[in-house]
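**Q** Just so you know, the sequences run in chain order A and B. Following the numbering used here, the numbering of the first sequence begins with -13 at its first residue and continues without gaps. Following the numbering used here, the numbering of the second sequence begins with -3 at its first residue and continues without gaps.
A partial selection of chain A residues facing chain B, derived with a Cβ cut-off under 8 Å: (1) ALA(-2); (2) SER(-1); (3) ILE1; (4) LYS10; (5) VAL48; (6) PHE51; (7) LEU55; (8) MET58; (9) SER59; (10) LYS62; (11) ALA86.
Listed next, the in silico DSBU-like pairs over lysine-lysine satisfying Cα-Cα at most 35 Å (straight line): (12) LYS339/A / LYS162/A; (13) LYS7/A / LYS512/B; (14) LYS476/B / LYS81/A; (15) LYS484/B / LYS4/A; (16) LYS4/A / LYS478/B; (17) LYS490/B / LYS38/A; (18) LYS152/B / LYS72/B; (19) LYS491/B / LYS(-11)/A; (20) LYS490/B / LYS67/A; (21) LYS67/A / LYS10/A; (22) LYS98/B / LYS33/B; (23) LYS513/B / LYS73/A; (24) LYS486/B / LYS10/A; (25) LYS(-8)/A / LYS513/B; (26) LYS476/B / LYS39/A; (27) LYS8/A / LYS501/B; (28) LYS141/A / LYS126/A; (29) LYS485/B / LYS(-7)/A; (30) LYS(-11)/A / LYS4/A; (31) LYS8/A / LYS490/B; (32) LYS190/A / LYS138/A; (33) LYS486/B / LYS49/A; (34) LYS284/A / LYS339/A; (35) LYS10/A / LYS485/B; (36) LYS501/B / LYS39/A; (37) LYS490/B / LYS(-8)/A.
Quick caveat, the hints were computed from the structure, so don't treat them as lab data. Ideal Cβ positions, reconstructed from N, Cα and C, are used throughout, including at glycine.
Spelled out, the chains give:
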Amino acid sequence: MTKTLKKIEESASTIHSKITKKQKPSMSFPIRSLSNVKYIPKRGFLELIGQKKSRTLTVNTVKTFAQTLRVMSLSKELIEKDDIATKREAYYVSKNWDEARFEEQPESDTVIDDVEAMFEVNREQLGFIPEEKGGDVAGKLVVIDKDQETGKQLKIDCTKFGSGAYSIPISTEHLKFETNAKFVLVIETAGMFQRLVKHNYWKKANCILISMGGVPTRACRRFIRRLSEGKKIPVYVFVDGDPYGISNIYRTLKVGSGNAAHINQYFCVPNARYLGITPQDIIDYKLPTHPLKDVDIKRAKDALKNDPFIKRYKEWQKAINQLLKMGVRAEQQALAKHGLNYVIEKYLPQKLKKANSFLP
Amino acid sequence: MATKKKRKKLTETEHKVTAHDLAKKQREISVSEFFTKNRHLLGFDNPRKALLTTIKEGIDNSLDACEEAKILPDIKVRINQVKNTEDRFRVTIEDNGPGILKSQIPKIFGKLLYGSKFHRLKMSRGQQGIGISAAGMYGQLTTGKPILITSKVSPKKPAHHYSLVVDTQKNEPRIIKDEIVDYDSKRGTKVVIELEARYQKGRQSVDGYIEQTSIANPHTDITYINPEDKETRYPRASKELPADPKEIKPHPYGIELGILIKMLHDTNAKNLRSCLTNDFSRVSTKVANEICEKAGLHGKARPSRIAVQEADALFKAIKLTKIMNPPTDCISPIGEESIIKGLKKQINADFFTSNTRPPSVYRGNPFQIEVGLAYGGDLPEEGLIRLLRFANRVPLLYQQSACVIAESVMGTSWRNYGLQQSAGALPSGPVLLMVHLASVWVPFTSESKEAIAHYPEIEKEVKLALQECGRHLSTFIKRKRKAADEFKKKSYIKKYIPHIGVALKEILSLNDRQEKKIVNNLTDILERSRS
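Required output: the full structure, derived from the provided sequences and hints.
**A** In C-alpha cells:
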C-alpha cells in the first residue's frame, strides 16, 4: 500500500517542481490498446510494449489535468484512511469539486483507469473498487476467509450450497484454498452452470465449477489464477463456439485484456485451456447453429490480424478460419438438442478424455 | 340504344354550323372581360393580393416619376377601411413627384396598356403600362367607384382633379369630374382607388412590401398608415438619387420573331440595312451587311416587304451573326454602400456586407446583380434564412420557389461560408439576404411580376455575387468563433487551475503560500502559451 502512496507523492512532486520552475507540467500514460501489447507464452499474459502518451498541461487539457490530480488526491486519502470507494462513489465525491466535478460516471471511470495505468497498479490498490461481482463457485473446494468483525478464520465449503453457489468477493488476495479436485471447469453462461450444479456434476467428475457470466471480472480472473496456481490444478474453459467466446471471454481470462494491460500480470490464468465449443465440435456433434453476424466476422478478422495471442498460435488461427469458413456459430446450450443431460452424460466425459488436445 | 341515337343526331347538327353562324359569335373581346378572366396574371387573384398589387403599382409609378424628374421621393401610403363594410378599402398614394400634365391624366389612368415604358428599353419599375390602370379597373369592377387623381405640375400652376372610369367596351377613359382644386404641396400626384380587398399583416403583405421597398430604395422617405390608423415612418437613409439609367435600343439577340416583324413594319428606315443599323443596338454597317448576306437578302430591300416574306430567314441570320454585347452603362444599380445603408435602416444585425457585380447580358438584354447580407443581431438564430428578392428595386413577395434567385441561393453551398444547409434548401441561420436584379427588361415568368425566369447567365451572376458575400460572411463568422474560443480558454484557465493547486496542496501537504504560487505560475504559463 505504501508503495502506491509513494508513487502518487512522487508524481505530484515532479509536477509541483515543474510548476515552480514555470515550466509546463506533464503526465504520461501507457497507451491502452491491443496495439501496445505483446505476448510471450512463457510469461503467459499480454504485456505492455511501452508506448506512452503524454498529457502536457495546456488550455485544452487543463480540465482533465485538474481532475486527474484530484482523483490522485482522493486515492491518497483512501489509502491513508484504509478506506475504499466504488467507482460510483468516487463519482459522487467529485460533486464537491465545483467546476472540476464529473458530469457523468464514464468520465470519472476513464480518469481512474488513467491513474491506475499511470502507476501500473490495479485500482483496488488505489482504494477504488468495482461494483461488479466476481462469479459463482460450486464443487470440491474449501475457501478460507476471515470473519469481517472478529478476524477469525472462516472455512467455506463450496459443496454445501445445495442448488446455490459461493460468490467470489471483489478482493481475493487474502483467500486461501483447500481442494483435491482434478480440474476447474470455467463456464460462460449461468444457465449451463445451473444445469451442472443441479445434477452435482462436480461430484461425478471430482471438479470445481465456476460461472463467469460473460467476460470474466478482474476478481474472477484473479480468483481462478490464485486457485489454479496455488493448488496446481488445470483450468478448462467451456464457452460458446463463437468469436466472442474465443477472443473476448477465453482470451481475456487466459492472458488478460489490451485495455488494462498494466494489470494483466495479476489478472491472467496462463494454464487455462479451451475445452469447447470448438468449430470442430459443431461438425462432430452436429450442433444447431446460427449464422455469423457482421460484428462476429469483424471480431474474428480483427483477432486474426491484431491479437498477439491468436497470432502466436496456429491452432487458433486454424480454428477461427474454420469458423469463418463455416459462417456459423453455436452456443453451449445447443447440446440440448441431443437431450437435456447430453452435456453431462456424453459431451463433457468424451472431451475430458482428450484433455491434452484442448486448444491452447 | 336511345343515347346512341341522340349522339348521332348531335354530330349532324354540329356539321350544319356555317361560317355565317360563327361570324355572329366573333367579336372584339372587351378589356374588362379580358381583365376579369386574366386577373391572376395581373396580380389580382384574390382580395389580399389585390390590395398589395394596387399599392405596389402606385408606389412603382411614384418612384419612377420622381427619379426621372430627379426629385428625392417622399411617398405617403394610406389604407382606410370603408365604413360599415368588411371588405372595402380606400387606398391613397401621394408623392412629391413632377406631376402629370392635365391632358395625359385620363389616358394614363383610364386606358389599359398606355404608358411610356413599353416602347423603350430603359431600366424602370413599370414595364408595360398595365399596372395602375388595371388597379383602377379592378376597383371599378368590384366597387363601381371611379379612380380619383389629383396632380400639380408646378407651384405656379393650379392642381387638377379628375374622377375617371374606364369604358370597358372601348378601353377608353370616361371623365366623370374634372375640376381645379387646392393642393397643399408644391407639386406631386395623389391617387385614390377604392376596391374590394382584405388587409393582412405579415411579410407577404402590404406591410412587408413597404418595408422591403424602403430597404431597396434608401433614398426614399415613406410614410405608411395602415387600416388600424397606425403610422409607420421609413425615413430616408441616403440623399443620393440613383443614377439616371440610359435608354437603349433593343439588341438583335434579345428580340423575338414577332417583335422583329413589328419593328420591320413600323420602322422609319427606307431600307433593310439602315433599319438594322438605326433601330438596333450594336449593329454597324458591316454587321448589317453580314446579316443580310447570311439571310440571302439585299441590304436595299424594303423593310415592310421583308416583314411579310423573309422575316424568318432574317431572324435566323441574326442568331448566326456574331454581334457585340449591348452597352451596359444603361443600368443603375443600388450600389454596395446604399444597400448596406438600406439594410442597416431596417435590420439590427452584427454584420453587413454587399456586392454589386459588373453588368452582364442575357439574350441581348443588359442586367446587373447585387446582393446584400445581414448576419446576427436581432435576426433569429433558428430556422431558414430570410430571402428578399428585388427586380429593379421592386420587392418580389410571391412565387419564391419559381424564381431563379431562390434557385441560385439554394444551389450555393453555404456550408463553405459557415452556415448550415440541407441539400436543395435555403441555408439556415441568423441571416437576411437580399438579391437585386436590375435590367432594362426583367424576364418575369408572368405578367404578375412575381418570379424571375431561369436564364443561365442570370443564375451564374447571382451565384458569383452570393459567393463574394459568403466569403465576407465566413471571415466574420470565423473571427467571431475565434473570439468565443479565446473567451472560453480564458474562463477555462480561471475555472480549473485552482483545482490543480488544491490537489497538489492535499497530496504534498503544502502551505497556502505555496498553493497560491502554483496558481499564479500556472496562470502565467497558460496565458503565455495562448499568444
